[in-house]
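These protein sequences, in sequence, are chains A and B. The first sequence runs 1 to 254 under our numbering. The second sequence runs 1 to 410 under our numbering.
Think of the hints as simulated: they come from the structure by calculation, not from any bench. The beta carbon of each residue, even a glycine, is placed where N, CA and C say it ideally should be. Wrong hints could be hidden among the right ones.
[Unchecked claim] Restraint-style ranges between C-beta atoms, simulated for each label pair:
{"#": "1", "chain 1": "A", "residue 1": "Pro97", "chain 2": "B", "residue 2": "Ala407", "range": "16 to 24 Å"}
{"#": "2", "chain 1": "A", "residue 1": "Gly231", "chain 2": "B", "residue 2": "Glu406", "range": "25 to 33 Å"}
{"#": "3", "chain 1": "B", "residue 1": "Leu398", "chain 2": "A", "residue 2": "Ala75", "range": "32 to 40 Å"}
{"#": "4", "chain 1": "B", "residue 1": "Glu406", "chain 2": "A", "residue 2": "Lys238", "range": "53 to 61 Å"}
{"#": "5", "chain 1": "A", "residue 1": "Thr29", "chain 2": "B", "residue 2": "Ser410", "range": "52 to 60 Å"}
{"#": "6", "chain 1": "B", "residue 1": "Gly292", "chain 2": "A", "residue 2": "Glu234", "range": "54 to 62 Å"}
{"#": "7", "chain 1": "B", "residue 1": "Gly344", "chain 2": "A", "residue 2": "Ser65", "range": "55 to 63 Å"}
{"#": "8", "chain 1": "A", "residue 1": "Gly231", "chain 2": "B", "residue 2": "Asp370", "range": "43 to 51 Å"}
{"#": "9", "chain 1": "B", "residue 1": "Asp370", "chain 2": "A", "residue 2": "Arg212", "range": "54 to 62 Å"}
{"#": "10", "chain 1": "A", "residue 1": "Gly231", "chain 2": "B", "residue 2": "Ala407", "range": "50 to 58 Å"}
{"#": "11", "chain 1": "B", "residue 1": "Ser410", "chain 2": "A", "residue 2": "Thr62", "range": "32 to 40 Å"}
{"#": "12", "chain 1": "A", "residue 1": "Ser77", "chain 2": "B", "residue 2": "Val142", "range": "47 to 55 Å"}
[What the hints assert, rightly or not] Residues of chain B clear of chain A, computed beta-carbon distances all greater than 12 Å:
{"#": "13", "residue": "Ala50"}
{"#": "14", "residue": "Tyr52"}
{"#": "15", "residue": "Ala55"}
{"#": "16", "residue": "Ala85"}
{"#": "17", "residue": "Ala97"}
{"#": "18", "residue": "Arg106"}
{"#": "19", "residue": "Ser127"}
{"#": "20", "residue": "Lys139"}
{"#": "21", "residue": "Lys197"}
{"#": "22", "residue": "Arg222"}
{"#": "23", "residue": "His279"}
{"#": "24", "residue": "Gly344"}
{"#": "25", "residue": "Leu359"}
{"#": "26", "residue": "Asp370"}
{"#": "27", "residue": "Arg378"}
{"#": "28", "residue": "Glu383"}
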Amino acid sequence: MATLEIRDLHVSVEAENGPREILRGVDLTVKQGETHAIMGPNGSGKSTLAYSLAGHPKYTVTSGSVTLDGEDVLAMSVDERARAGVFLAMQYPVEVPGVSVSNFLRTAATAVRGEAPKLRTWVKEVKEAMAALHMDPAFAERNVNEGFSGGEKKRHEILQLELLKPSIAILDETDSGLDVDALRIVSEGINRVRESGEVGTLLVTHYTRILRYIKPDYVHVFANGRIVESGGAELADKLEDEGYEAYVKGGASE
Amino acid sequence: MADVQNTPGATTAGSIEVGTAGAGAQLAGPGTGRATAAAQPVDARAEAVASYDVADFPVPTGREENWRFTPLHRLRGLHDGTAEAGGRVRVEVTAPAGVSQETVDRTDPRVGRTGKPVDRIAAQAFSSFEKASVVSVPKDTVLTEPVRISVHGEGGTAYGHQVVELGAFAEAVVVIEHTGDAVLAANVEYLVGDGAKLTVVSVQDWDDTAVHAAQHTALIGRDASFKSVVVTFGGDLVRLHPRVVYGAPGGEAELYGLYFADAGQHLEHRLFIDHDTPHCRSNVAYKGALQGAESHAVWIGDVLIRAAAEGTDTYELNRNLVLTDGARVDSVPNLEIETGEIVGAGHASATGRFDDEQLFYLQARGIPADEARRLVVRGFFAELVQQIGLPDVQERLLERIDAELEATLS
Chain A
1 MATLEIRDLH
11 VSVEAENGPR
21 EILRGVDLTV
31 KQGETHAIMG
41 PNGSGKSTLA
51 YSLAGHPKYT
61 VTSGSVTLDG
71 EDVLAMSVDE
81 RARAGVFLAM
91 QYPVEVPGVS
101 VSNFLRTAAT
111 AVRGEAPKLR
121 TWVKEVKEAM
131 AALHMDPAFA
141 ERNVNEGFSG
151 GEKKRHEILQ
161 LELLKPSIAI
171 LDETDSGLDV
181 DALRIVSEGI
191 NRVRESGEVG
201 TLLVTHYTRI
211 LRYIKPDYVH
221 VFANGRIVES
231 GGAELADKLE
241 DEGYEAYVKG
251 GASE
Chain B
1 MADVQNTPGA
11 TTAGSIEVGT
21 AGAGAQLAGP
31 GTGRATAAAQ
41 PVDARAEAVA
51 SYDVADFPVP
61 TGREENWRFT
71 PLHRLRGLHD
81 GTAEAGGRVR
91 VEVTAPAGVS
101 QETVDRTDPR
111 VGRTGKPVDR
121 IAAQAFSSFE
131 KASVVSVPKD
141 TVLTEPVRIS
151 VHGEGGTAYG
161 HQVVELGAFA
171 EAVVVIEHTG
181 DAVLAANVEY
191 LVGDGAKLTV
201 VSVQDWDDTA
211 VHAAQHTALI
221 GRDASFKSVV
231 VTFGGDLVRL
241 HPRVVYGAPG
251 GEAELYGLYF
261 ADAGQHLEHR
271 LFIDHDTPHC
281 RSNVAYKGAL
291 QGAESHAVWI
301 GDVLIRAAAE
311 GTDTYELNRN
321 LVLTDGARVD
331 SVPNLEIETG
341 EIVGAGHASA
351 TGRFDDEQLF
361 YLQARGIPAD
371 EARRLVVRGF
381 FAELVQQIGL
391 PDVQERLLER
401 IDAELEATLS
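In isolation and in its complexed conformation, chain B is listed as follows (with noise of 0.2 Å):
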């Protein structure tokens, strides 16, 4: 018996935004594999396309479903073919011994393995990337230390392809941090191999000035776990795209992400989870911050349960903090489901005001308040990061929370 929720609670107050898409509400448009439904604008349509070539994708014009919330004049060409790559983007590999990396063709076998580009600057990345990154770890093997991913922009425009490949029963954590000033767009695959587990942190860091498109999208093998902390701080625009696709039953995705929009900033998170497989498992959990004229999140949490998807279990969730006025937030979680032999599908988006009774609360023990808003910011995020379940991961993400918010809340 399915144990459907649909529990869209929503606070909106000031300039905040809130929409929300009921479950039922048809998903198509990218990647689902289907046009989409007379209830979506018919802009959407176009872009009901999956393709490893550009120029199956018309330029957006703003009014399409999936691109209505992104500012695209500050893309720098990234969506219109007139970003030519020539930038620098150094990736860095570090690695425990026993992980291959390789510098690959796009003929490799492994290269768009997880799927096509699913919107136009995705596949404008497949494109256009020169040579892709492939780290490997062989079956059976367990890392104690994890591999080190650093991808930090010297300027100017590029285009990249990471493939990240877990034999079978390997377990590895991955962190990829972005830093620098770049615009690049890009794809990241993860190949998680049956009863494999991977757990990968993507911080975006950037400089206030760069721009950051991707793609990433997880095939996740039988009872294989694929565990993705999203974390969002720095650049003008963050656009991701993270998906997680089943190659056989029993795997099982958690995706956390936290973000932190300041004054200008442009953060966006589109998710998709697609359950075409029996007996998997899903939980997204993304939680932000904002503060600042001008900033601007957007959570867009797609999953669909597909006919033969019996035994799924998926729950979404969204939090947004809005510190200050002039904030704005856009969060739509979408459920579509198929299948009533399910085991549970849910989702919750709320977005709110810093709550002021906190604040007293703790000035009340005199702690100064710029020190009890960080408290509160911090314990919002904090919540999230306990459920991570990885002590080394938990710390050094509460110590960047901590970084980012002793410069930017005081």
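Just chain A, with the same shape it has in the complex (with noise of 0.2 Å):
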């Protein structure tokens, strides 16, 4: 079984006048199966431990350790952190102009399984995939996030999770920028790669909204660059309620 263990992680990013410390010292697990909410204030620090996981050069990780079964993840490369089964669903994904979807999805599907899937098998997983996702067939055509709506870029995202079936999902801010019939159809996405069991999931969310779609197993409060509450999914009703104002009290990060 799949396990994310982060112990003790320090992230800085280079500012202005010399690096900046962000993450100051997390310590979390995820298991596969398991359903994991990071919630916290704008700036606390949540995208950044997306991001570190992921491994984007912004962000270094100064101490602490990153293992998936084991393995260190830190000192893997980005695509070699993709192909040992991490994740990474992007608040912001980025256009990448004259790559279509579907050549975009296949090179990342044979990079991920080690083989070129199957053409026939491919497409016809493809298309059950987009139509499950409410997606038009005709969207694989189009340049990859090129024009794409906010909704648009948000499915194409959970699209490449069903897709890729990794064995931990970070969900960096799926739910923003979506209106009610876009967040209901991206959680579904969601619950289905999670109901087969497979899965861990880190769903880093500003919001209690998408909670009422995916209920987690465990809720974290994010503040200042760590975990500074965890508990059950009460925790995150406890939020709804009072916000985040208790855990800010010391400063924000930024």
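Got two chains here, separate frames each, mind docking them using the hints?
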């Protein structure tokens, strides 16, 4: 069973006046089949956690460890992490002009699965996954994220989640910028993947709205670069009522 | 009412240099038929010449506007009269039925019809070639298969002259492939008859020792359309001069270009569109990628809209993608407008570095860095290829691009 273990993780970014520490000792264990919601105010460092786990070059890990089934994730390149089973659904997916969605998906699936998927079954697989996310088939011929609406970008991220079947899925503010219908469709997609029982999910969000659709097993409050409180789903209700005020009195990290 | 845009956006970083001359700069020099304005370097005035005779051009020094980006010492004497013909370049034409191929003397009336050479190398080529190759598509003939012209260098210096002629309402695709090793100076003339449609794909896939300088001039008839796709991958130094002149109103020119400069390569494309006739259109889009030390791309886009050219619609664009340190781009769009009674005129030039966020996004989906890089560069070119509008040509070009990227980005 896949287990992601984050121990005392410290991460800095290069700022104008030298490195600035954003993550200040994060400890978290995510097991396959579990869903963890990471909730926190803007600037608390929760997106930094997501991008650091995926290996974005902007972030420097200064101490601590991240392992996936004992393997040192921090020693892996970005693409090695993805092939090892770590998936990051991005808040702001990047446009890749001139590269079609279908070409992109097939290239990614080939890389992650270690061999090119058989064309016939692949076409069917993509078609079904797109239909489940209420995506027009013509979508496959568009260039990656180019001219996509906010909702289309997020659906495209979840489409990749469904096709690449990671063991650890990190969803960074997947709910942001979605209207109610889109939020429901995207959440259903995430739930289909979760129901397989084969993915550990790290749901990074500012709002409790998405938790109406996706029930977390654990909720962690993130503030000042670390987890300051952990609990069950009921903690989200408390945040819904009281907000983050109690956690940010010391001042946010940015 | 004229819609004049001037949006030369350029990101500069590291060793990238981008020169941009704004709209309104006086265009002069070769082929414009007038002397250079005071704003231009004094030396350029000496080159405001067009002639069939090489003796009418002084030997360039490298300080002239037209030569300042070109490493003259790598031209193997093409520019100063010391390059003596003696090499071998094999030209083979494969054409579908109905197309005539001839080898003619310089006295043939079709030779030199698009105008005079505008720089010393083109004039040298014109003064030095022995026989010209003429490919003619008779009027009303619509070809379903392309005409293929293979130009293969077997070493040494050569001077060439090629004419492609389409009669009225003829339609053809011509693919010219340059391969092998040569020091080649040439003129290529496209005579596009009234209502005819000519697409030319010129691929420069030379060995990396080759030197190639050529003037490509299209003379576009009434309501005719000319589409040019220039693809430059190989060669030590390639300097092409695609030019468009209009013989009558209603003509349309689309000039697309792709280039990929590797370490040490100098790839130069100098375009000139002479709008001297009313109601003609032109659209230019060139995109290039560069990688490696001393890789150098030059793109000059000159568009002149003369007073008589009312109803002109023109746009030109150049984009460069710099993949590594040590590459250099000089991109200079020039637009001069002598009449306000036009439909539109604009240009844009931008040079940027490889976008690391794109790389991260693709890598985060398991795609290895090399492959991700290839995908992004392929996409950069594919965006342009998609505009060509001829599926066969597009497919072949993408295969070409894939092969080039496979060889250079791994």
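Results for each hint:
| no. | hint | verdict |
| --- | --- | --- |
| 1 | Pro97/A / Ala407/B: 16 to 24 Å | 23 Å, holds |
| 2 | Gly231/A / Glu406/B: 25 to 33 Å | 53 Å, violated |
| 3 | Leu398/B / Ala75/A: 32 to 40 Å | 37 Å, holds |
| 4 | Glu406/B / Lys238/A: 53 to 61 Å | 56 Å, holds |
| 5 | Thr29/A / Ser410/B: 52 to 60 Å | 39 Å, violated |
| 6 | Gly292/B / Glu234/A: 54 to 62 Å | 59 Å, holds |
| 7 | Gly344/B / Ser65/A: 55 to 63 Å | 60 Å, holds |
| 8 | Gly231/A / Asp370/B: 43 to 51 Å | 45 Å, holds |
| 9 | Asp370/B / Arg212/A: 54 to 62 Å | 43 Å, violated |
| 10 | Gly231/A / Ala407/B: 50 to 58 Å | 57 Å, holds |
| 11 | Ser410/B / Thr62/A: 32 to 40 Å | 34 Å, holds |
| 12 | Ser77/A / Val142/B: 47 to 55 Å | 53 Å, holds |
| 13 | Ala50 | 38 Å, holds |
| 14 | Tyr52 | 42 Å, holds |
| 15 | Ala55 | 47 Å, holds |
| 16 | Ala85 | 42 Å, holds |
| 17 | Ala97 | 37 Å, holds |
| 18 | Arg106 | 44 Å, holds |
| 19 | Ser127 | 43 Å, holds |
| 20 | Lys139 | 38 Å, holds |
| 21 | Lys197 | 26 Å, holds |
| 22 | Arg222 | 36 Å, holds |
| 23 | His279 | 33 Å, holds |
| 24 | Gly344 | 23 Å, holds |
| 25 | Leu359 | 8 Å, violated |
| 26 | Asp370 | 10 Å, violated |
| 27 | Arg378 | 7 Å, violated |
| 28 | Glu383 | 4 Å, violated |
Checked against the numbered hints listed earlier, the structure breaks hints 2, 5, 9, 25, 26, 27, 28; every other hint is satisfied.
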